[in-house]
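**Student:** Below, each chain spelled out in residue letters.
There are 4 protein chains.
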Amino acid sequence: MMVATLVASTALGQQPARHQQVLQLVEEHSAHFSATSKTIWDYAELGYHEEKSSSLLRRELEAAGFRVQSTVADEPTAFVATYGQGEPVIGILGEFDALPGLSQAATPDRSPVVANAPGHACGHNLLGSGAALAAVALKEYMERNHVTGTLRYFGTPAEEGGDGKVYMLRAGLFRDVDVVLQWHPASENVVANGGMLAMNSARFLFHGVAAHAAMAPERGRSALDAVMLMGTGIEYLREHVASNSRIHYIITNGGAAPNVVPDTAELYLYARNPSLPVLAEVWNRILKIGQGAALMTETTLDVKDIGGTANVLPNDALAKVAQRNLEEVGGFRYSAEERHFAEQLQKSLPAGGAGDLDSTALIQPLRRPDPNAAAASTDVGDVSWNIPTIGFETATFVPGVVAHTWQAAASAGMSIGQKGMIVAAKALAITGADLFADRQLVLDAKADFQQQLKGRTYVSAIPVGQIPPLNYRDK
Amino acid sequence: MMVATLVASTALGQQPARHQQVLQLVEEHSAHFSATSKTIWDYAELGYHEEKSSSLLRRELEAAGFRVQSTVADEPTAFVATYGQGEPVIGILGEFDALPGLSQAATPDRSPVVANAPGHACGHNLLGSGAALAAVALKEYMERNHVTGTLRYFGTPAEEGGDGKVYMLRAGLFRDVDVVLQWHPASENVVANGGMLAMNSARFLFHGVAAHAAMAPERGRSALDAVMLMGTGIEYLREHVASNSRIHYIITNGGAAPNVVPDTAELYLYARNPSLPVLAEVWNRILKIGQGAALMTETTLDVKDIGGTANVLPNDALAKVAQRNLEEVGGFRYSAEERHFAEQLQKSLPAGGAGDLDSTALIQPLRRPDPNAAAASTDVGDVSWNIPTIGFETATFVPGVVAHTWQAAASAGMSIGQKGMIVAAKALAITGADLFADRQLVLDAKADFQQQLKGRTYVSAIPVGQIPPLNYRDK
Amino acid sequence: MMVATLVASTALGQQPARHQQVLQLVEEHSAHFSATSKTIWDYAELGYHEEKSSSLLRRELEAAGFRVQSTVADEPTAFVATYGQGEPVIGILGEFDALPGLSQAATPDRSPVVANAPGHACGHNLLGSGAALAAVALKEYMERNHVTGTLRYFGTPAEEGGDGKVYMLRAGLFRDVDVVLQWHPASENVVANGGMLAMNSARFLFHGVAAHAAMAPERGRSALDAVMLMGTGIEYLREHVASNSRIHYIITNGGAAPNVVPDTAELYLYARNPSLPVLAEVWNRILKIGQGAALMTETTLDVKDIGGTANVLPNDALAKVAQRNLEEVGGFRYSAEERHFAEQLQKSLPAGGAGDLDSTALIQPLRRPDPNAAAASTDVGDVSWNIPTIGFETATFVPGVVAHTWQAAASAGMSIGQKGMIVAAKALAITGADLFADRQLVLDAKADFQQQLKGRTYVSAIPVGQIPPLNYRDK
Amino acid sequence: MMVATLVASTALGQQPARHQQVLQLVEEHSAHFSATSKTIWDYAELGYHEEKSSSLLRRELEAAGFRVQSTVADEPTAFVATYGQGEPVIGILGEFDALPGLSQAATPDRSPVVANAPGHACGHNLLGSGAALAAVALKEYMERNHVTGTLRYFGTPAEEGGDGKVYMLRAGLFRDVDVVLQWHPASENVVANGGMLAMNSARFLFHGVAAHAAMAPERGRSALDAVMLMGTGIEYLREHVASNSRIHYIITNGGAAPNVVPDTAELYLYARNPSLPVLAEVWNRILKIGQGAALMTETTLDVKDIGGTANVLPNDALAKVAQRNLEEVGGFRYSAEERHFAEQLQKSLPAGGAGDLDSTALIQPLRRPDPNAAAASTDVGDVSWNIPTIGFETATFVPGVVAHTWQAAASAGMSIGQKGMIVAAKALAITGADLFADRQLVLDAKADFQQQLKGRTYVSAIPVGQIPPLNYRDK
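Residue numbers (this note's numbering), protein chains in the order written: chain X, 3 to 477; chain G, 3 to 477; chain A, 3 to 477; chain L, 3 to 477.
Hints should not be assumed to be uniformly reliable.
All copies of an identical chain are treated as equivalent in the list; a pair is satisfied when it fits inside any one copy or across any two copies.
To be verified - With a straight-line cut-off of 30 Å between C-alpha atoms, the simulated DSBU-like cross-links for lysine-lysine are:
(1) Lys54 / Lys290
(2) Lys448 / Lys54
(3) Lys349 / Lys456
(4) Lys306 / Lys322
(5) Lys290 / Lys306
(6) Lys290 / Lys448
(7) Lys54 / Lys322
(8) Lys349 / Lys306
(9) Lys54 / Lys306
(10) Lys322 / Lys290
(11) Lys448 / Lys322
(12) Lys306 / Lys456
(13) Lys322 / Lys349
(14) Lys306 / Lys448
(15) Lys448 / Lys349
(16) Lys54 / Lys456
(17) Lys456 / Lys322
(18) Lys349 / Lys54
None of these hints come from the bench; they were simulated from the model.
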């Protein structure tokens, strides 16, 4: 059986000398970037509207000596910060967008800072800051040791449904990158080697004919009827797609007034599957259902705001290095105060939902993606289909807390989240150092990448030429 | 206010001399054709399988001196019986099919003769026999008085959903007919001048792909899903068609076994509206719903066994004559025994459903069709769009009894039904005599007919070239 | 056949002397109240928010010598203006609320004053002003002629879905009223003697359990599923209610984000039928459908903001007087300019939708309500179940224009609408004068009222104790 | 990585001496029971109607010296055949029912023997005969070697949806059994240690009120509407149950005639999940959906013919023995003729569906049940919750062929199926001999069984007191 591993102190002797130097540099900047993460947590800006958060990170990286390119890929809050030159080119991903309606104080009970306002319930305040911490430390190490190569920090907006990275890929910003490193807040320490669900999304806007619903309903063609029938058609589809698919929707326009046959109505839908080609087939059938609903109701259909992200491709060559490094860094333990906070917060979790508080000190074994596991989606997936990519997850959330909850937002706004962030920054930084030090690692990562693709082609569901949906958070 | 009219005895003096002769002849044959009606009631044969019933009526008409043409229009049980020659050509319609599942003894309580067997719950045993009674009497009158003209009895099978008359029209059997007379059993005495609902029908058979429903439902394409979605689509249509439309369906194939994704499934649907062109639009939308359901489920759709009948066009010129003649004939009164039977039977009617037993003696005033009235459908409609047509309804059913119930079947199998039938035969026969006697009546009927059509064109929903669905009663 | 009637000049000689005086007084105040109607048209305030419109009318009536009671029945914009004392007590109804989204300039083409802003597409600016014009003229007549009796103008807010009059009835404000007179803008001149559809409305708010739609949909209980199933259940209901029923709904909350199982969702529904008791049965079945949807989805249902209005009871005694008086007043003719406006505007109507422009000069014959006619709903209905009520409709809208369209708003904002308003004011005023003059008319109205009720009891669908939904226009 | 294992010849030396004797006895009777399997294949009798098949197996076992108890548990075709006495009591399960509509000749192309007739597409002809072959051989071995203990062959009817074994369990027929051995035809050789899906089934019969669908649909309460809404409700449920659940249904009564509002309609539904308690929760929600549909339509619901089987509990102690023994027996190879047959037949499989023909020679490694694997259901599950149970699957079907297809029926009717059957019989027989020889194995099996249950209680979904649904195959 596979079990989680404590940091083997005996292993420390075997670590490369560069690791110690890099880890030391991360430690030095930790307090500063913890504060940065708190500031962004306070900003809590929604996707494509992360003006202050993006600006803060840009300024930090500029101050540290990076060259910054702003407003890239038609995304006002996207940026690329570069240090060094020549090969290899190593990228680190940063995110900083918040989630609507999840405003929460850094307290162990439900206390919105501002009711219904956004909150950092996915910990992207930590993500962007921790990635910057790793980048700054690694850059100082490179500078001191005259390391050849290019280090790039990608400031990627609107991960939560805005597909920011996809447009950055399209703009060619990743073209010369050899390996991408990333991390994400979680409730355990583990190497993230592939997985997640490929996802497509779109708004299905139907147009009908309005009529007085009491006086002349027979003259109306109801766009809401089309939405209702599309929804019902989707439900009938569920049985006949692979059961690890996920399809979910809301109705974003359900008519204006009961006494008027609605001439517009809209359904906003996501579909997901661990496999990009399987998802493409499912998506095609969803489109047919929309068309069928229009045909049934004599309405017309406009498929809008199409989004899409790929699943994350694993990279076993990089995963091996990442696992070794994460085990070297090791986890962390709560202070008495943090433990008290965590215990209080766990009381709000559903029965059986609380995890072991001591598990923050453990590193989980390396595992392959399970196609039937519960999972979400990320635009890191698209990066991973274009560049060898590896990631970390660290225990920034109190064990048992899941992302997109107020408990996650609370954890991300205090020292527990920040301790997890530092673990991630260390693992990222020493892995980056290894990649700069050992060209064979980069070659192995590329070979493994080609092996994973084996004949499969990356195709984004987002139509060619579509511009970033900067207002996708509007209802 | 309009009120029903008792036979005005003073009016009798004004009736043409020919009427008395014709009425006398009807009386003479009444007992015989009452017996005929009882024999056909016993046969209770379903549409297109009325071998014995059709044969009996053919033999009666042949015996009376008609020339009979059998198995016309590809319908084994259709026939045309003709007497005389030259103009005008007057047709009388006869029907003789029973309804499934409505077997009933001639008793005032629910007593099937054979459980679930067919029964004459629409009184077509009376219809065919009464029409024959009128034809035989009228023929004798013509013969005795050397009346010029042609009298035709149309033996029309499968009125109940088989559209027998439509195929007879297509075969040209009505081509030279000037006026058509018809009648139908009812629970009051009234001239039937237009009305009824145009109706289309079809089986919507979907084809999908079978799969083990537990092992691999994602490989299946469910024809039942298509049926479910088509049904749901129809429900959403209801609000957006004229509210005097009627659409109803059953599922005639809902899958073979729960653990197999159904590769075939079928929905059998009727749609109706008082207006043929409105119905055509509704039908077109129903077809789209079927296509939409197929598109939604990746199945294919086969629209089968398409049926269609028109609404009945009024003819005010004929209606005036018919009303006068029906008032001349007058209604009838129950014997003490019949009254007892009727009172017993009325106890089984829903609260408030019993009608006035004395109303059988009354003639209702002439009325125009109400497009919002409760109504059924008949293939007499198609005849009425091609030839000037007028009809009678007589009180063959105990007042308050509606067609297609066991109470109707009971009434149709005993003297109450037969008394009503004789009233109808008399009204038909004297109206026929009037049409032979007064060419202007025929000309007026034709003029009124053209006026009714005024630019509208009769188009049957039944595809050109479709043969009669002789097995439409199979499930 | 019934045909519309031009003012018979010969009839004018027979009119009571008081009529001439009253008509003269209406004429005198016509220009002033036409201007008032234009001001309210400019205000275009939504139901329960008619602060300026209500205030303007109150001030006018106060200035004319009425005693005004403001903010009655917990409705800030409701008021009662009274003149005189003693019996009989005659009420005149005034409305003044606009409709959302129908802002429109007084031009014959579609030109919103402010996009998506409210507009007077039901002509209530005319309604309230015309009723005030009648009241002021009638009051002056009473004063000059020392007429005994009480005249009351009811300022009734939120007719468009807010049921303002129902709460005023409950507050006892109509308790001593003997007869109610009312009018409504239309596209012809006709006495409105009963009709309209009784209507119930409510918000069906479902509560479920939120969950991450990709990570753990099985933990969610979707309130949106309940809304979808309730909607579908309603569609299945349509076939099995009387076909002159109307049921229509929108979805006012269809979920917050596609990746979250919605824990709240809401459907806002109206149901209507010409018969109050039939509607009560239909409503009961709608409630069952809501409960069934909750049961199916393990959600809970909260039926909120219940509204209800009755159909309008006819009063044949009052209708006779009203018809005579409307014929006496007669219609009106367009100026060349108005005719041009009307012709331009008619171009925007659907094919076949334009009416005869000369018909504004005609008075339609008195007719009884047709239970199958196209109709809307009004809270005048509730008044009519409590007090003998009669109404007028006048040709304020260009013939062929229907209420709740921009064309109606355009007509209501210029001289065509104002000319129609003056016709109505005249008919109201002389009818009021007749009721004050002839006590037998009041007694006849009351006798007819009792006859109409014959054993039926008025029950409002609005729960006892519910306060006016002052924010019902919020989504 | 786990790989399939060829018979290790080196292992043969380690097999107990008794194995050789038992294997020899199986060989001796193989031809005879192969012929028996072919006879039952020809009979192809449906569940609870396996009169000839059951009788043949009973006669064989009686002839071999077993004491036979017929018509047990109210099932005419169930029986128990016993040899020996005392402990331990070892049971072997036999099945013999065919599947509707899958008649097929033993040819590699689709050739029904009789169109739409039943066929042995699940190989139960082999199952019952192979189990009898094992029992007869084992009995002879016991007799010759004076082995103490009781051997029971359970003739279990109607496995395919009739839940025959559940009623036999209830009748106490398994009360003193210590270990149950079973096997099932498949397309590979593998120990079946738990798995399968627990399953509930029922007919949901709705009762409404009939009415003429054109004349008075508002008087009807449609049972078909309830079926449609229940089906739709089920579709909405799918998203919110664990995604390894399976729910599928057909409509067994969808109304009698389109022009009659259906007063009865029926939906026949199966629900499955690998976990019995999870299934119980899902089932409860399905019942609520049925009740909700009845509430929505004012119909009543009768839940009939409730069926239920448990998932199969693993038994690791027995599995270890079974794996060792199956590897000892080894697989088999095709003759040239069989290979040709198999290659021809594989051409009819879907693209990518054909398996490796050489795999019939391999034994698959022991594996634990995967809760997300494709699976079916069996009433062996209920046995396994009451008695320690282990099973085998052998390659009776051409690799790539799945059960319940004509290809499976073809394979089961010729030598390929019979060769697989003999492998199974050998594995069963030597495992039985081991259990008689080594009491510790039985004790270990019982300890493991208790461990598996650990606090869980077996509850069948079939209502207490329900008698076997002998006519469940009627539509």
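**Student:** What hint numbers does the structure not satisfy?
**Tutor:** Result: hints 1, 2, 4, 6, 7, 8, 10, 12, 13, 14, 15, 16 and 18 break, sorted rising.
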